[in-house]
Amino acid sequence: MPHLKAAISRTLQLALVLWAVVTILFLMFRLMPGNPMAAYIDPTFTLEQQQALMAQFGLDKPLWEQYFIYIGNLLQGELGQSFRYREPVATRIWALLPNTLILTFSSLILAYTFGILAGAYLAWKRGGVVENAAIPLVLTTRAMPEFWLGMVLLAIFSFNLGWFPAGGTRPAGASYDSLWALYTSREFLSYLALPALTLAIYSQGLPLLLMRSNMLDVMKEDFVTMARIKGLSNWTVVVRHAARNALLPVMTSFAIAVGYQLQGNVVVESVFSWPGLGRELVNAVSASDYPLAQGAFLMIAVVVILMNLIADLLYALLDPRISHA
Amino acid sequence: MLDATIGKRPGFVRRVFQSLRLPLNDPFAVFGLSIYGLFVLTAIFADQIAPYDPTEILYTPDYMLAADLRPGEDGHILGTTSLGRDIFSQIVHGSRSALLIGLTAAFMVALIGSIVGVVSGYFRGWIDIVLMRLADIAFGIPFLPFVIVLAAFLQPSIWNVVIAMALVLWRDTARVIRSQVLTLRSRGYVDAARVAGSSDMKIILRHIAPNILPMSFLYGSIAIGWAILTEASISFLGFGDPQSISWGYMLQDAFASQALAKQAYYWFVPPGVCIILVVSAGFFITRGYENILFPKLGR
Amino acid sequence: MTETLLSVRDLRVSYKVGASRIDAVDGASFDVPRGTIVGLVGESGCGKTTIAKALTRVIADNASITGGQMMFEGRDLVSLSERQMNALRWREIAFIPQSAMNSLDPVYTVESQLNEVLRRRGGLGRREARKRCEELFELVGIDKGRLSDYPHQFSGGMRQRVAIALALALNPKLVIADEPVTALDVIVQRQILDQLRELQAALGISVIIVTHDISVVAYICDRTVVMYAGKVAEAGSMQATLTEPSHPYTMGLRNAFPDLQGAASGTLTPIEGAPPNLAFPPPGCRFAPRCPFVLETCRQVNPPLETVGPNHVAACHRAGEAVELRTQAARVDTWSGKVLA
Amino acid sequence: MIDQFTPLIEINAAQLHYRVGGAMSALRGNPPVVKAVDGVSIVIRRGESVGLLGESGCGKTSMGRLLLKLEDVTGGDILFDGQSLSTLKGADLKRYRSRAQFIFQNPFDAVNPRFTIRQTLSEPLENAGIPPSQRQDKIIAALELVRLSEPLQYLDRYPHQLSGGQLQRVVMARALILQPEFVVADEPVSMLDVSVRAGVLNVFRDVRDRLGLTAIYISHDLALVRYVCERTIVMYLGKVMEDGPTEDIVHEPLHPYAKALVAAVPVPHPDQSHDPLPIGRGAPDPRNPPSGCVFRDRCPYAFDRCAVEIPQLQQAGTRKVACHLFDEAN
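Chains as they are written, first to last, in this note's numbering: chain W, 1 to 325; chain L, 1 to 299; chain Z, 1 to 341; chain B, 1 to 330.
So that you can see chain W by itself, here it is in the shape it has in the complex (with noise of 0.2 Å):
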């Protein structure tokens, strides 16, 4: 089983690659101007907290040890305590975690089918009087500033038109049962809806001129010529040859794209005050909140670098050439 071991050796690349981000995060967070202290104690702890957290960071400690220290409590899944919360941080990130992912998947998901379909579109018409207005106008979305793009939806369609809520999840003094009831609920649909065609619209670019580029590529390949000397229909010929050899690559940028978007988000959830990680991060930051920041730049960090490998893992397992090597 040779790319069991591939898949394996790539998985400990990317350990790897994790524990040197962790460490620059630990010595950033170290060797920042002011006390050494500050990324785990605020002054407003009572003194019993303070000396817990000391002795649970071994902040007395050098620094190499608290290193060790360090890298022992991450193991357990422990971060620290946020000042602004008074609550583990740990807590805290798990609760916001699944806010911000659905808000990435659901507009990766409509960024991509829609990038998808118009690509291959644009391709198979190509030369056209549609592809020379739409590339321009493909290249602008991917230059627009998120957050503006966020700010003009919510210009027009909140404050305006008065379509969708201007933020947050959830209309003031709604509860719910669980994640999973907000999630279903009807509500949730109309603030989600702007953030998420915000992301969408920014998106949708890359899945768009990726599949476009491949498939003209694909198109020249001997074997979509050969499909047509085969006296095939241009659909199959377009669809089973040229697009499916052309969504490979396409595939495995969702991956990457998710890590990315991680990233935008940070803005975005911003704008709509969308209680995700990064606007977290962003307040946390704000508030010198250091345990909190640590730990939300980490969770990112996570996701990326698993993104990373699942991007990798996912081109291996759809590629036969890979997989049937």
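Hint data in this document are derived by calculation from the structure and do not stem from the laboratory.
Cβ coordinates follow ideal geometry from the N, Cα and C atoms, glycine included.
Mixed in with the good hints there might be a few duds.
[Unchecked claim] Computed cross-link-like contacts, PhoX-like style, restricted to lysine-lysine with a CA-CA straight-line distance of at most 25 Å:
| no. | chain 1 | residue 1 | chain 2 | residue 2 |
| --- | --- | --- | --- | --- |
| 1 | B | K69 | B | K89 |
| 2 | Z | K131 | Z | K173 |
| 3 | Z | K131 | Z | K144 |
| 4 | L | K202 | B | K138 |
| 5 | W | K220 | Z | K16 |
| 6 | Z | K16 | Z | K53 |
| 7 | L | K202 | B | K259 |
| 8 | B | K69 | L | K202 |
| 9 | B | K94 | B | K69 |
| 10 | Z | K173 | Z | K53 |
| 11 | B | K89 | L | K202 |
| 12 | Z | K53 | W | K125 |
| 13 | W | K125 | Z | K16 |
| 14 | W | K220 | Z | K53 |
[Claimed, not checked] For each label pair, taking beta carbons as the anchor points, the in silico distance ranges come out as:
| no. | chain 1 | residue 1 | chain 2 | residue 2 | range |
| --- | --- | --- | --- | --- | --- |
| 15 | L | W159 | W | R86 | 29 to 39 Å |
| 16 | Z | T4 | B | P245 | 26 to 36 Å |
| 17 | B | D275 | Z | S20 | 21 to 31 Å |
| 18 | Z | S148 | W | S273 | 53 to 63 Å |
Position chains L, Z and B against the provided structure of chain W, taking the given hints into account.
Same frame as chain W, but now just chains L, Z and B:
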């Protein structure tokens, strides 16, 4: 020197310019280049073009604060902010920080990325393994969160974006250039140069670099866009440099001052449009390049 | 007995390159008798591959058939509607490409690609298609257990066998093979040629082999069509064209090949110069600038194809003197750059 | 003067093994290895012309790259004029570069498309420290040597403005411009049109004779090798199968693989044998060569011993053969 022959050799600048292979026959690229030109001119002559100091709080002739004026009122082309500052003047001055950040960041990214890519791809072996693991690590760092954290620890400054980009974003350029160099390296003429007794340095300068330069330029122009977008995001989130007027700062100002609810489109639309223009200009140039560098992608 | 299956007359195929038009095939005529293997031989750019593609009417976007006829069993392929042509593709005219690696879709198994043709084009049911797949693999000598493999899992020679199986799937009347063995090593090359010959004889089909290699023609073909710069220089039975060439180009080609069966100390003779740029072809005979036997008329008047023997035609003003020219052509100094009158 | 029979090149059990897969696969132990060249020993005398013959993947091109120090051996050694190539450095390497040269397969790939012919030909002169004032004369002389008529007209042209045949002559001129003693030619005519091949081959033969070069001609085509080389070495999956005078191999190949190879060579005659080749179907797989003799899975004469024991190259008449069929003879 790069040129083997004696006698008529074009000037160094001209040769570098030529090897950039600017896509001057692609209408999009020309459009992009003209936007760049306009943008640079605006930044240089900002003081002459802008009718007001962008940070000056203005008053109407009847000594009222000139706040929230609509476009055209009292001669303010794009109106004023809630603090009574001239929006058009801010737009004009915003081009300065955009240009500064865009160019320096792009230069850093293209330079670091190209050097890493060339060294990694040409020498291969352990140095390649080390550099590519570093790139993997850079790919594992979420960029925007990284800039935010960095901005929180360092003094607020427009250079944070540049530093963060230099630390993280070289990775894309390096990977692409490395694979390009690997291809070039397997070309017969590189082997031929070795057999002809050329040193590694000479081969890199003479046979590899001229083929890499357009690629570096291409990634540089993408990086200009990234830098401007990142700076805008950072300023919008409030981690920007409060001393300098940037388009991102303007958007933050507008957002915080309820410009959306006030329906003050004249305030938050123009900075966004400026960003789009400059960033898409980079993309258009890139596209023109792709038609040159990867003709197979052409229509 | 020598009933004609395909008759190409004055075929003209043009490419649009920028503002100019290049006639890659400029009035080519030849016949393919039923049950024979015809070798279309020439150097790169002579138009042989363009003809092969034109016979399927699947040509590059910037190319078009601008004149002539391709009579296939009484139908002119040039004037058929796209729909009629499509009905005929693969069922009657199949194709073996140069590189089977690039011409098989990498993401489908070989069986799935055979099935595609058998079911979508041949109208076979699932079970019949499976049976036919196994039959075809047996025919080309591949273990049927490998039907479920992907193209990249085969070696170059095996892939070429798959391509042959694919071409024979619907029992076509004509198979066009575009440089079918060029990418292969000599041993595999020979094995594939043997297989092609065997199958052709067993199934009684006609085959056009496009090649640059006279040895391939000599090994496997019944007839030869020699092309030069978009035109047919000479055509006839393989024996006649190789032993009694009537066009100076064919004579020159024979001298340019090293021959393992010949004497050890022979000297090869190149044809000086290079084929003309087809954007600006010379006015008369296209071979005139490189021909050691050139006359003044050669430079002005394009020679038509004329009969020089039974079933043997050549386009040369001096075809009548072929016997004399052949002796001269065998001498090295004839070709040594100094063009004789 | 130099003794004509002293060896110029001694290849002693040379190996070139590639690891396939990333660096990580090395850490896992037992990484997949391709043995491009596996224990090749050849001695080449001054002035000899040797053909390296074999199918793709047999290691002939890798052998050429080793000889030019474009790769280093991973085992064994190559001596050039008594000096080991693997330890060659600095000034010695520079001197070697002017003594040994390479003619590439694809002329369009072998010259930098952005360089004029003059620039291309100047590069070796520059590296050898020839002053600019003398370069043009040397360039012209080299171009005349390869029989490009009116060489001046080519100097400021770019590669795409030349035909394949002309460009291949430029590549040869570059190889010859420093008057090397030793030249490796890797299939120099395989990318060229049939009608111009003979011209390039003739130039190669003439120049070799005139300059008294030691030459290695790499090819898959025995007919071409026979045209330029008096000695032929047949390779298969990184090993030497047979080594001897070309005419002997052409007329009576000993090794079963050489037999198949000779029988398979196409000839441009209507009358020729159509007998099936004395070889099994299938193809060499460099990643999974069989145990013992690497050819045994396709060999019609293979017997038990071939699976267990790797046959060594041994003398058989005028030749050396690596085959157990010839064991008894000794």
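Hints versus structure:
1. B:K69 / B:K89: The given pair, whose Cα atoms are some 11 Å apart, holds under the 25 Å limit.
2. Z:K131 / Z:K173: 21 Å, holds
3. Z:K131 / Z:K144: Holds - the C-alpha atoms of Z:K144 and Z:K131 are around 10 Å apart, at most 25 Å.
4. L:K202 / B:K138: Given pair L:K202, B:K138 holds - Cα atoms ~22 Å apart, limit 25 Å.
5. W:K220 / Z:K16: Roughly 18 Å separates the two Cα atoms, so the pair holds.
6. Z:K16 / Z:K53: 16 Å, holds
7. L:K202 / B:K259: Distance ~47 Å between L:K202 and B:K259 Cα, so the pair is violated.
8. B:K69 / L:K202: Answer holds: B:K69 to L:K202 is near 18 Å, not above 25 Å.
9. B:K94 / B:K69: 12 Å, holds
10. Z:K173 / Z:K53: Distance of about 16 Å is within 25 Å: holds.
11. B:K89 / L:K202: Satisfied, since the Cα-Cα distance of roughly 17 Å is no more than 25 Å.
12. Z:K53 / W:K125: Holds - the C-alpha atoms of W:K125 and Z:K53 are around 23 Å apart, at most 25 Å.
13. W:K125 / Z:K16: With a Cα-Cα distance of about 20 Å, the restraint between W:K125 and Z:K16 holds, given a limit of 25 Å.
14. W:K220 / Z:K53: 15 Å, holds
15. L:W159 / W:R86: 29 to 39 Å: 35 Å, holds
16. Z:T4 / B:P245: 26 to 36 Å: For B:P245 against Z:T4, whose Cβ atoms are near 51 Å apart, the range 26 to 36 Å is violated.
17. B:D275 / Z:S20: 21 to 31 Å: Distance hint for B:D275, Z:S20 is violated at roughly 51 Å.
18. Z:S148 / W:S273: 53 to 63 Å: 55 Å, holds
In the structure shown, a violation is registered for the earlier hints numbered 7, 16 and 17, in ascending order.
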